[in-house]
Amino acid sequence: MNIHEYQTKELLRGFGVPVPNGRVAHNVDNAATIAEDLGGERWVVKAQIHAGGRGKGGGVRVASSLEEVRQFTDEMIGTYLVTPQTGEQGRLVQRVLIEQACKINKEYYLGMVIDRATQRITVIASASGGMNIEEVAKTDPDRVIREAVDPAIGLAGFQCRKIAARMGLAGKQIGEAAKIMQALYRCFRDKDALLAEINPLAAIDEGRLMALDAKMSFDSNAMYRHSDIIELRDFDEEDVKEVEASGHGLNYIALDGDVGCIVNGAGLAMATMDAISFHKGRPANFLDVGGGASPEKVGNAFRIVLQDPNVKAILVNIFAGINRCDWIAEGLVQAMRDQDIQVPIVVRLAGTNVEKGAPILKASGFPFIMADNLDDAATKVVAVLEAAA
Amino acid sequence: MSVFVHRHSRVIIQGFTGQHATFHAEESMHNGTTVVGGVTPGKGGQQHLGLPVFDTVHQAVAETGADVSGIFVPPAFAADAIMEALEAGIGVIVVIADGIPVQDMVRVKRYALGKNAIIIGPNTPGIITPGACKVGIMPSHIYSPGRIGVVSRSGTLNYEAVQQMSELGMGQTTSVGIGGDPVNGTDFVTVLRAFEADPETEAVIMIGEIGGPQEVEAARWAKENMSKPLVGFVAGVSAPAGRRMGHAGAIISGEADTANAKMDLMEELGVHVVRNPALIGETAKRVFS
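Line by line, the protein sequences give chains B and P. Note that the first sequence covers residues 1 to 389 in our numbering. Note that the second sequence covers residues 1 to 289 in our numbering.
Take the hints with a grain of salt, since some may be wrong.
[What the hints assert, rightly or not] Taking lysine-lysine and the DSBU-like style, the derived pairs with C-alpha atoms no more than 35 Å apart in a straight line are:
# : chain 1 : residue 1 : chain 2 : residue 2
1 : B       : K191      : P       : K285
2 : P       : K109      : B       : K191
3 : B       : K162      : P       : K115
4 : P       : K285      : B       : K362
5 : B       : K162      : B       : K172
6 : P       : K109      : B       : K179
7 : P       : K285      : B       : K356
8 : B       : K191      : B       : K241
[As the list claims (entries may be wrong)] Simulated restraints on C-beta separations:
#  : chain 1 : residue 1 : chain 2 : residue 2 : range
9  : P       : A256      : B       : V62       : 35 to 43 Å
10 : B       : E237      : P       : P74       : 25 to 33 Å
11 : B       : A148      : P       : K43       : 16 to 24 Å
Treat the hints as calculated values from the structure; they're not laboratory data. Computed from a predicted model, the values in this text were never measured in an experiment. Where a beta carbon is used, it is the ideal one built from N, C-alpha and C, also for glycine.
Just chain P, same shape as in the assembly (with noise of 0.2 Å):
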């Protein structure tokens, strides 16, 4: 098992033909993920890597049965995209778009009330099972099958603590980037939940960083409800107050965002806090064994 996606996901790129979603689509099909097609709108009834090409979500849910998408579309054009994705009745919506206005997520958010659909994203590298599926843009050679959850708002920070585990021989059941945007399709505590839930996960590193309060409550959430143990690092101890580091979502506007509030928060409910982010590794093997 793992979460969200598995071996028996069946993935539709939207934005199929355009330059990075061709190169990270076949990525994801070399590395055993089960890629049905894709849409463009304009451009249905094409083969693109010997895939049907759809001009709509709707068209290519009723043709392929998928139940995953892959978002690729630029950062104008991606609300759209998801709200389509949404209504065609997909599951799981990956969206790797960096740079979609925050009120065009808040309206997103509305329209997907009652939908029953994970939106993984915006602003993350997606979501990998490794070995089984993969929706995203991350370097599957550092991922590999294992026992452990991971779920960060950053993408490079993931693949530093992927990098570290495999270092220790750890791998991973499913990693979830849920995206470094203020307002995004899944937080924290959904991710836990699922791998909560999941019987092959044992346990569960949680990358967080300044700005809002979703680490604090995925902690106090995991300390009512969760049983497997969980490791879990704040970036951004060295960020200075109200200057956004990078991320739309990354910035301190009071003294409960910091790192440090957050870390300490963290610790007192029973997470494994991790305070040099180059020891994510070392302390998940100590925690976990």
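Looking at chain B on its own, in the form it has when it is part of the complex (with noise of 0.2 Å):
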């Protein structure tokens, strides 16, 4: 689960980490309110979006006067911000954070993930910051520092020292990055983050440390035990289909090909699209009905996938272990009678009741075509695509 800039600095600077002074803003009287209360000369508008890679799509301008601050903020609200990651349509722009602009001397890069090769909370730095980490780790390797933390000790004092002499910061620099490090740190443990990134951290007047972006993303496994990010959720951020398809226990994700899949299992929903893309043809979902699935959810993934125009077919694959074919049949028969349902669909089941869902298929008289395992599904579902074209 991701949250804005704005709200990751709120909690931040809950847990010392000094952030500038700033405030979101609604619209325009909001943003000038706030310019002014700021006081000061200039001031940066940045577009609040999930999406990063803003300031290449003209979503973080800095206003020099009340008037630029008034005419940025305008401009933003209200419009679709392109930016690398966001697809060319965009995303909408409903508020934008006002904050005052400092003199940045040197910007450094200060992150936190859950790193997969040491299992462990790991700080990445750089003496590289502004740019994209993935891209330094690429060209400069050297340039990336990593230190994985003892869950039992917490992030060392002596750790962050390291961290920040190899940053090349210096003097009492050290001290306030080693706080900003520990403050961090607190606040990725303390709130089950997945990612933190702060970058840039920057050196602005008389070599003052601050966080002038920050990003954090957290687990939604743990989110039961965190009311207070959780109501940080921005629904409107989220694809409306995949959102809806969660509320039913289903995990969508929507993908640009023709074939709609309906598979039980993280694992084997890949695996199906793969197969699918294995025979040219190209997966238009990626749909885990997953275990326990009860008639009504098949009836669900079915609505929720057709909601896509570009569907032209419909893969059903099922490998029932707690799940039962029974009861899967049930759904997709139920599901024709209930929806206006006109492409074909092809159906393979295996696993638990195998042997009971598919008498229940051929009973109906819904015109299912029945495959008998992964390869003859991908087979049958490209084949009767290309026959309709």
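Join the two chains into one complex using the hints; note that each chain is given alone, in its own frame.
In structure tokens, the structure reads:
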């Protein structure tokens, strides 16, 4: 689960990370009032969307007057901001963050992840701030500092000083950076984060360090113990169909092909997409109905898959372990009765109660195309599409 | 022989009296597994499925001599249950729960250091040595005793591969689901090492997916240390970058995380890579005969 920059900064401020003075604005008047309250001569107006690369799309602008604050806010709010991460259609800007601008002397990178290799929370830092850290890792891997944290000890002071020194910090900046790292670690640990990024961590006037941009994402499996973070979720930033699917206990991700997929299990769902691609077909979605799929759940899966107008055929692939093929079959028949389904449907059932499932489909009289195995299913769905084309 | 669980394994179930646990414990018992009791805090002293229920794992181990535990408690309580099993000296701990907070697992792995136990999962269908011991939720009837070791991250894709093998007459020594989470108890290398050491296992099928360095690390280890043939598949060739594909661990975060990048490297390292998931069984048959 991701949150906005202004939310991340408020959260980090509470843990003791220095961030610029600023507040979020929802309209032009609001923005001007905030800028006036903050004082100073220059302000940064930052579009608040979850996608990165905002600067490249004109979503981060420095205003030298209250008039400019109004103008930039007006130009951002209500428009679709296109960045390298949003796709062509862009993302609707509904609020902007107004901050006091500061003079930047040097930019650093400070992040934390749960590293798959060490299986621990790991600090990632670099003297090359303001850039994509993955680019730095590729072009100049020596400039990326990694330090894994022992969960029983926490991020130790000496580790922070070691990282700070390698980042090229000196003097009182070392202690300052150590404090920021430990504050970030406490926030990361206490709030069950999966990723935190301060980029840039900037040295500003008199060498003080400040988090000029910040991003965090959280472990949705742990959100039951963080009601304060759940409140920050912004559904406008999420795909409507994906949110609807998750409400039905389905895991759905839209893709750009024409073969709708309804599968149980994440691994098999991916493999089904792969089998379709192997036969030169193009999957329209990833959909995992999960374990214990009821007929209602199957019906909802059809509804969501068919909301995509590109879907020209559907492949249902169920390998029932915890699931039961007879229930899935009943769900399929029910969906055909309840919904106006015009596309051909290829069905492959295997596993628990498969001997009961197939007769239900046959007895229904609906034109299901039955497949014996995964290869047969992928071949048939691609053939059906070719025949229709 | 087999790996991790066998006919002499003595199994307890944590969260024993719950609905799913009850169903799958019975299934396991019907398939030759020696279940010796279970743990449900507050229900100690009762009988369930004709077996004793204990309040703590410590008591269960002392009374029954259990050495394997299947954990069926909900995700929010799973980390504590794993540590309880570790502390009680259980040697093989199978964690079914899907949705354990990642940082809980980071702490559990720290706690497990030096404890000489194998944690299978979380987010796994479990482990099965066909006909001898099953701890998990997989449909037992698709497995049969044989000579091939199977290890996978995904559950249903494990079933898919096993079914393909069965249709071609190949059985399994043991099938291990290491689970779909980014921080998990046992990695591919640990399981490959066990299969290599097991005299009955003649060859191994490894099924991975997008995200993380595990598959390539395993292939690298196998090149140096493994004498038995290894067939590999990585799911998610058609998955877009940056999107989490169902499993918490299945996300492409960099170029090395993609299915094709992993399979290319695995191939270079001598793994027999299958590009079409529908042909895992056939490829195994060809390579192993």
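A quick look at each hint next to the structure:
As the CA atoms of K191 (chain B) and K285 (chain P) are separated by approximately 49 Å, the hinted pair breaks the 35 Å bound. Restraint check: the Cα-Cα separation between K109 (chain P) and K191 (chain B) comes to about 19 Å, which is no more than 35 Å; the hinted pair holds. At roughly 31 Å between alpha-carbon atoms, K162 (chain B) and K115 (chain P) fall within 35 Å of each other, so this suggested pair holds. For the hint linking K285 (chain P) to K362 (chain B), the alpha-carbon distance of about 33 Å falls within 35 Å, and the restraint holds.
With a C-alpha separation of about 14 Å, the suggested pairing of K162 (chain B) with K172 (chain B) holds against the 35 Å cut-off. Between K109 (chain P) and K179 (chain B), the direct Cα distance comes to roughly 27 Å. Compliance with the 35 Å bound is thereby established for this hinted pair. A threshold of 35 Å between alpha carbons decides the hint, and for K285 (chain P) with K356 (chain B) the separation of about 30 Å falls inside it, so the pair holds. A threshold of 35 Å between alpha carbons decides the hint, and for K191 (chain B) with K241 (chain B) the separation of about 28 Å falls inside it, so the pair holds.
One distance hint, 35 to 43 Å for the beta-carbon pair A256 (chain P) and V62 (chain B), holds here, with the actual separation near 37 Å. Separated by about 29 Å at the C-beta atoms, E237 (chain B) and P74 (chain P) satisfy the suggested range of 25 to 33 Å. Taking the beta carbon of each, A148 (chain B) and K43 (chain P) are about 40 Å apart, not inside 16 to 24 Å as hinted.
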